[in-house]
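Student: These protein sequence lines map, in sequence, to chains Z and B. Read in order, the letters of the first sequence correspond to residues 1 to 408 in UniProt numbering. Read in order, the letters of the second sequence correspond to residues 1 to 408 in UniProt numbering.
Do not rely on the hints blindly, as some may be mistaken.
Which copy is meant is left open, because identical chains are indistinguishable; a pair holds if it fits in one copy or across any two.
As the list claims (entries may be wrong) - Simulated crosslink set (SDA-like; lysine to any residue; CA at most 25 Å straight-line):
1) Lys197 <-> Val337
2) Lys20 <-> Gly404
3) Lys22 <-> Ala125
4) Lys44 <-> Arg13
Read the hints as simulated data drawn from the structure, not as lab findings.
Protein chains: 2
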Amino acid sequence: MKFGGTSVADLERIRNAAAKVKREVDRGYDVTVVVSAMAGETNKFVEFVHDAACPPGSNGSGLYDAREYDAVVAAGEQVTSGLMALVLQQMDVPARSWMGWQVPIMTTGAHGSARIVDIPTDNLAKKFGEGLHAVVAGFQGIGPDGRISTLGRGGSDTSAVALAAALGAERCDIYTDVDGVYTTDPRIERRARKLDKIAYEEMLELASLGAKVLQTRSVELAMRYKVRLQVLSSFDDKPGTLVCDEEEIVEQNVVSGIAHSRDEAKLTLVKVPDRPGVAAAIFGPLADAGVNVDMIVQNIGADGMTDMTFSTVTDQVAKARAALEAARGEIRYHDLVIDDEVCKISIVGIGMRSHAGVAQRMFSALAQEGINIKVITTSEIKVSVLIDRKYMELAVQTLHKTFGLEGD
Amino acid sequence: MKFGGTSVADLERIRNAAAKVKREVDRGYDVTVVVSAMAGETNKFVEFVHDAACPPGSNGSGLYDAREYDAVVAAGEQVTSGLMALVLQQMDVPARSWMGWQVPIMTTGAHGSARIVDIPTDNLAKKFGEGLHAVVAGFQGIGPDGRISTLGRGGSDTSAVALAAALGAERCDIYTDVDGVYTTDPRIERRARKLDKIAYEEMLELASLGAKVLQTRSVELAMRYKVRLQVLSSFDDKPGTLVCDEEEIVEQNVVSGIAHSRDEAKLTLVKVPDRPGVAAAIFGPLADAGVNVDMIVQNIGADGMTDMTFSTVTDQVAKARAALEAARGEIRYHDLVIDDEVCKISIVGIGMRSHAGVAQRMFSALAQEGINIKVITTSEIKVSVLIDRKYMELAVQTLHKTFGLEGD
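Just chain Z, with the same shape it has in the complex:
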């Protein structure tokens, strides 16, 4: 059972979370609890580190020793794990805290963004044998240098899934501030329905499309180790959404969900001489400038010229423009056309694999509403389109209805 920062933001909430743990213990489970830092604590520590490494008025580089960053910020989860153990004890649930180095959660030496390498469970298992439930500090481990490591932002989800895999847990419950995964954003479509189950692959597509319910890495890990992952709310008692193997999902919809990303931009390099290496000449400088390119479409003209279109988030347009203008002599494009008034709409569903014509149904439905599609990309279980931003709500609502996703 993993509780995020808002679920352990103060002692009242820690008690609320502990009551959920007690309920599972009373059902006969050996429970491992994974906790984040109390909401706000990690940010405070990160600010401390930046201030320490780069004092006001200094011309410091802003670089700092990631090993010390890890030592400082890991203190947040340390505090919560001790407090959760105390609250559980107060509720007559035998429990003890475990820091990353005590379990041990063995990680790579990439301080600040370490990856979990191994979790020997002998220590935990021995204490389970004594009836002691475990409260593990999330987000942290121990590196090969014997020092505290952290997994990067959102790493507590990863800690929880990795522990569930290592322990062979029946389930990994991620308690958060939403009560599950919905067919689409309920703020846009009020008939959005909470899914009982969703396949790992679908969740991965939805996670990377901006449904900020679960961290992508934790879903990948769950998929690899077949950890059944439940997303549910800390603040009510309803069942959540189970993220699981597709074989466990009996009534599979063709499309499980509609995702959207509001602030997208489309950049087109017009009339680029089409020659080998042109893509590298364009996307090399963009990568060097730190621009995250999402969709890429290339149209080859009859005149030996090509138009190259790609999308990114609006925040990165200025950076992209500067990088492309600096590389203009190399790329030799005729013009750069930027449309920063677009959004991305995606339909996601495992069922697409076995159902033809899903993309076509999407395009028809949008066309009937007079919505023009600007760019299309597809994967095995996803179709994404760029459209004008002003049609975003209409597109989501139309597709939600088209694919029969409404609730009661």
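We have chain Z already, so just place chain B on it with the hints.
Tutor: Just chain B now, with coordinates in the frame of chain Z:
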């Protein structure tokens, strides 16, 4: 070099402390820095623990698992040690943080008030060899159970002295918010003089008499391992007071300092039948009630009756009275007379050992000012008296002059 909570209360102060470290490094020293938690952090964590173990409205016992208390509160020093290492690095001083379990500072298993058992210094020494100065989280260690332990309040001084002893350090500098040890409280006697040196034994008497400069345990440890201990201010650059072996003090005063304790109370049990076991009958119930008894005087009368007088701090008078009244049938005293308008004045000096008549000079000086002495106790290097509280300032000033302690 040890920096207390007020000396590392924010990043500005940590930078100020780090500049002092850099100065010693530039002088060619291998420096081990010991840091406390930022002022206020430990109290915050202690409150969290109490709230966790005994929620509002519960009828909890207030008892909690000291191992979890240790895990929670040790986070404070963890944060400061990482920040101090980062600030030192920013000043081009190669440094790294060490948690108690990393050094390791091995302690007993008495969580919450552990004692240091051993500090293997191989790890630290190896890093010194690589030019890395050490920043050690104070107040914490690792118990035989492999869990984080803490040394109890003020334990960072003890961490510093123990590390200095283990490392064979030339000196242990305790940076605090006072600039040294004074002949008496400068708020009472403006001619109080900062001592250049003071013997361990004297410091111990002064520490336990309420001069809150150094924790008693750390002085005992320094005395045992002959660690030269300097007390000095974080906030200026003047030399402080060296606490050292008496042999190192060439010009030894007969009396080194005058201590006072304002809020004392004198309790007298009048006409107690004098029989074997009467002291136990009196002080047993007081100890059970948690009353700290300081001075004890017994006067035996001619009639087989004795008067038993003792002192305690005024805060504990109510508790003492209740305990004695409950035990009245057992003790069979005639009356309980309480004077809670007294204070304690002590003169402390190694030189008393070899100089007769020191106590007599004290009594005469007080008598000349018309100050009546109510209780006297003496040790080899100390004479303490209880007097009316209204004479406290006069007594301190008189004795300060009598024993030639004035500065310029």
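Student: Indicate, hint by hint, whether the structure satisfies it.
Tutor: Outcome of the hint check:
Taking the shortest Cα distances, lysine 197 and valine 337 never come within 25 Å of each other, neither inside one copy (42 Å) nor across copies (78 Å). In this assembly of identical chains, lysine 20 and glycine 404 lie within 25 Å of each other by CA distance neither inside one copy nor across copies; the values are 34 Å within and 70 Å between. Taking CA atoms no more than 25 Å apart as the test, lysine 22 paired with alanine 125 passes inside one copy only; the shortest distance there is 19 Å, against 47 Å between copies. In this assembly of identical chains, lysine 44 and arginine 13 lie within 25 Å of each other by CA distance both inside one copy and across copies; the values are 20 Å within and 17 Å between.
The structure fails hints 1, 2 (numbered hints given earlier, in ascending order).
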